[in-house]
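Chains A and B, in that order, are what the protein sequence lines are.
Counting from 1, position 310 in the first sequence corresponds to residue 348 in our numbering; the numbering is continuous, with no gaps.
Counting from 1, position 122 in the second sequence corresponds to residue 393 in our numbering; the numbering is continuous, with no gaps.
Honestly, I wouldn't trust all of these hints.
Stated by the list, open to error - To give a feel for the contact side, a few chain A residues facing chain B, derived at Cβ under 8 Å: (1) ASN42; (2) PHE45; (3) ALA46; (4) MET49; (5) LYS328; (6) LYS415.
Honestly, the hints are just simulated from the structure, not real lab data.
By construction, the Cβ of each residue, glycine as well, lies at the ideal position given by its N, Cα and C atoms.
One-letter residues, chain by chain:
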Amino acid sequence: MLSNRSFALRMVLWSLLRRRSRLLVALTGVTIGATVLLGLVSLCYDIPKQLSREFRSYGANLVLVKDQVGGRLSHEDLEAARKALPAERLVGLTPFRYEPVRNNMLPYTAVGTYFDDVKLTSPYWLVTGAYPAEPGQILLGAEVAEATKLQSGQRMTIEGRNTSQERYSKDFTITGTVSTGGVEDAFIYLSLSDMEEMTREPGLIDLVEASLTSEGTSLSHLADLVRNSVPDLEPRLVTRVTRSEETVLTKLTWLVYLVTVVVLTLTMICVTTTMMTVVMERRKEIGLKKALGAENKKVAREFLTEGLMLGILGGLVGSLTGFIFARLVSYSVFGRGLNPEFHLVPITVLVSALVTVIASLWPVKKAMEVEPGLVLKGE
Amino acid sequence: MLNPESSDNQILVISEVSKIYGPIKALQQVTFSVKSGEWLAIMGPSGSGKTTLMNIIGCLDSPSSGQVLLDGLGLDSLSSSELTAIRRESIGLIFQQFHLVSYLTALENVMVAQYYHSLVDEKEALEALENVGLGDRAKHLPRQLSGGEQQRVCIARALINHPKLLLADEPTGNLDETNEALVMDILHSLHARGSTIIVVTHALEVAAHAERTLVLEHGRVASDLKNPARQAHQ
Ligand SMILES: Nc1ncnc2c1ncn2[C@@H]1O[C@H](COP(=O)(O)OP(=O)(O)O)[C@@H](O)[C@H]1O
Ligand SMILES: [Mg+2]
Numbered sequence: 039m040l041s042n043r044s045f046a047l048r049m050v051l052w053s054l055l056r057r058r059s060r061l062l063v064a065l066t067g068v069t070i071g072a073t074v075l076l077g078l079v080s081l082c083y084d085i086p087k088q089l090s091r092e093f094r095s096y097g098a099n100l101v102l103v104k105d106q107v108g109g110r111l112s113h114e115d116l117e118a119a120r121k122a123l124p125a126e127r128l129v130g131l132t133p134f135r136y137e138p139v140r141n142n143m144l145p146y147t148a149v150g151t152y153f154d155d156v157k158l159t160s161p162y163w164l165v166t167g168a169y170p171a172e173p174g175q176i177l178l179g180a181e182v183a184e185a186t187k188l189q190s191g192q193r194m195t196i197e198g199r200n201t202s203q204e205r206y207s208k209d210f211t212i213t214g215t216v217s218t219g220g221v222e223d224a225f226i227y228l229s230l231s232d233m234e235e236m237t238r239e240p241g242l243i244d245l246v247e248a249s250l251t252s253e254g255t256s257l258s259h260l261a262d263l264v265r266n267s268v269p270d271l272e273p274r275l276v277t278r279v280t281r282s283e284e285t286v287l288t289k290l291t292w293l294v295y296l297v298t299v300v301v302l303t304l305t306m307i308c309v310t311t312t313m314m315t316v317v318m319e320r321r322k323e324i325g326l327k328k329a330l331g332a333e334n335k336k337v338a339r340e341f342l343t344e345g346l347m348l349g350i351l352g353g354l355v356g357s358l359t360g361f362i363f364a365r366l367v368s369y370s371v372f373g374r375g376l377n378p379e380f381h382l383v384p385i386t387v388l389v390s391a392l393v394t395v396i397a398s399l400w401p402v403k404k405a406m407e408v409e410p411g412l413v414l415k416g417e
Numbered sequence: 272m273l274n275p276e277s278s279d280n281q282i283l284v285i286s287e288v289s290k291i292y293g294p295i296k297a298l299q300q301v302t303f304s305v306k307s308g309e310w311l312a313i314m315g316p317s318g319s320g321k322t323t324l325m326n327i328i329g330c331l332d333s334p335s336s337g338q339v340l341l342d343g344l345g346l347d348s349l350s351s352s353e354l355t356a357i358r359r360e361s362i363g364l365i366f367q368q369f370h371l372v373s374y375l376t377a378l379e380n381v382m383v384a385q386y387y388h389s390l391v392d393e394k395e396a397l398e399a400l401e402n403v404g405l406g407d408r409a410k411h412l413p414r415q416l417s418g419g420e421q422q423r424v425c426i427a428r429a430l431i432n433h434p435k436l437l438l439a440d441e442p443t444g445n446l447d448e449t450n451e452a453l454v455m456d457i458l459h460s461l462h463a464r465g466s467t468i469i470v471v472t473h474a475l476e477v478a479a480h481a482e483r484t485l486v487l488e489h490g491r492v493a494s495d496l497k498n499p500a501r502q503a504h505q
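Can you build the whole structure from these sequences, using the hints too?
Below you can see the structure in the form of structure tokens.
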């Protein structure tokens with residue numbers, strides 16, 4: 039036999055299902071709230087990742103040097119550092135070696151590096167001509183090119199002494215010039231292997247630039263990883279880059295939180311208004327139930343259950359539409375989609391149910407004030 | 272607290288009841304009593320206080336002054352939740368506008384009264400519908416029923432918990448003659464089985480079915496007479 043509990047549930051369900059147009063109005067409000075909530079929180083999760091990738095175009099955020107003054111790193115140090123850093127966070131790792139050299143009796147600084155890595159860690163380099171691709175090729179800083187009046191395709195002789203004071207001299211072909219507006223403009227770039235061959239001193243690196251995305255654990259934690267696994271190595275955060283990155287991300291996250299709170303409040307107001315309308319429309323029904331001898335708490339429970347169901351349903355639908363919304367935003371702003379964070383769905387449903395129930399409290403209190411006598415009055 | 276003059280078969284005793292809405296005196300010093308099993312009609316022009324009186328008898332409202340004894344129990348000292356309990360246990364209400372819950376079937380509308388009273392019992396609810404001739408309409412929604420059918424669902428709902436007192440405010444006010452006759456038939460058979468019935472009406476032919484007619488004017492009892500014109504039923 040049908041129990042009272044299942045009859046009450048049946049009553050609530052029929053009230054939702056057989057009054058479909060009303061259900062839709064209330065549901066739309068809850069769903070929009072849940073959509074924006076899940077959408078924004080999804081973006082909250084994703085924006086730092088996305089922006090962190092964007093930020094990588096501003097250059098390295100971690101620099102590795104030997105911890106004693108004037109000390110130089112080896113290729114083994116470089117590989118050990120590469121191993122210590124989580125591969126999925128590592129955008130690029132570029133070694134640099136600086137040597138004082140001369141050309142036509144004038145002093146310059148030659149820098150040996152790997153150009154493929156430079157492209158990853160310093161994507162902002164503005165190269166006219168081309169990067170050196172073969173042995174014997176060099177790239178001139180814009181100031182050097184101006185001072186020497188040399189151009190792409192011309193040859194340039196570089197001379198110097200290695201640490202053992204042995205002289206060296208080698209001819210290179212210029213492939214292009216690099217201009218950054220910074221120190222790079224004053225350097226002559228060649229591949230690290232060319233430099234090692236020219237100086238007859240392999241295996242020396244002055245510093246390594248690392249470009250790491252900032253999702254998950256903090257950069258300083260990654261720096262500690264390197265410090266602990268490679269002895270004598272001193273990782274330094276490029277605070278100019280990391281600070282501004284952190285500031286922007288923190289501000290953005292707060293902005294999204296703020297918007298979320300505003301949206302939640304608006305949803306609450308919207309649901310309260312809707313529930314208020316529902317209660318007003320159903321004053322006769324409430325009066326009748328009371329006239330039949332319904333206890334206030336039973337009627338209140340019916341309305342709150344209705345609110346709860348609206349909340350759960352709106353939360354489920356809103357999770358879906360919210361994800362689509364976040365994906366669209368992500369596409370149009372960052373040009374790439376975002377993966378659904380499925381654990382946000384139960385949270386959204388919970389919050390939506392909670393908000394709906396809280397928003398129903400005041401209307402339900404109003405419903406309790408309905409006079410049962412109104413059923414006899416010909417209103 | 273029992274009225275010493277009234278014998279124990281007085282189910283309702285109203286003494287000097289007044290109801291005041293600000294400047295409006297809806298009821299003034301109304302006094303009368305109803306015997307168990309009696310059928311009383313209340314008449315009077317619009318605004319004379321009929322509905323106000325029904326609300327007070329039905330425990331839907333409290334008088335401003337005066338005393339109401341329902342089956343020996345004084346209502347004036349009761350809290351609103353105690354009044355709710357009395358409505359649930361002792362009062363059956365029939366309305367001019369039927370007041371069925373729009374999203375529930377005829378059967379479910381009867382079960383609503385069971386649900387708030389004690390326990391739902393689908394079989395008993397169906398029997399109640401059969402008793403008013405609506406056994407085949409049990410699964411219909413109110414909007415799929417005619418006015419007369421809706422009123423009979425309302426009557427089935429009013430009777431389902433075996434109330435001591437059946438109150439009907441203009442029960443035939445929205446019905447045509449055929450359905451009016453159907454409803455009056457049902458009231459007659461209830462009366463024959465011993466139900467106490469109070470019917471508010473402005474139609475003489477409806478009042479004529481009752482044993483006694485009380486007339487209100489400006490909130491006062493203008494007359495209270497045994498019904499000479501009572502139609503012999505069937
Ligand atoms: N809730 C109320 N507030 C103010 N005045 C009321 C209220 N209910 C009824 N009245 C007034 O009391 C008088 C009697 O009303 P009512 O009992 O509805 O009359 P009837 O049912 O006989 O037409 C009317 O003048 C009506 O305007
Ligand atoms: Mg009236």
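Each hint tested on the structure:
1. The restraint placing ASN42 of chain A at the interface with chain B holds, with a minimum CB-CB distance near 6 Å, inside the 8 Å limit.
2. At a threshold of 8 Å, the smallest CB-CB gap from PHE45 of chain A to chain B is about 5 Å, leaving the interface hint in force.
3. Because the beta carbon of ALA46 of chain A sits about 7 Å from the nearest beta carbon in chain B, less than 8 Å, this interface hint is met.
4. Taking 8 Å as the C-beta contact cut-off toward chain B, the hint placing MET49 of chain A at the interface holds, the least distance being around 7 Å.
5. Among the interface hints, the one on LYS328 of chain A holds; its C-beta lies about 7 Å from the nearest C-beta in chain B, closer than the 8 Å criterion.
6. Because the beta carbon of LYS415 of chain A sits about 6 Å from the nearest beta carbon in chain B, less than 8 Å, this interface hint is met.
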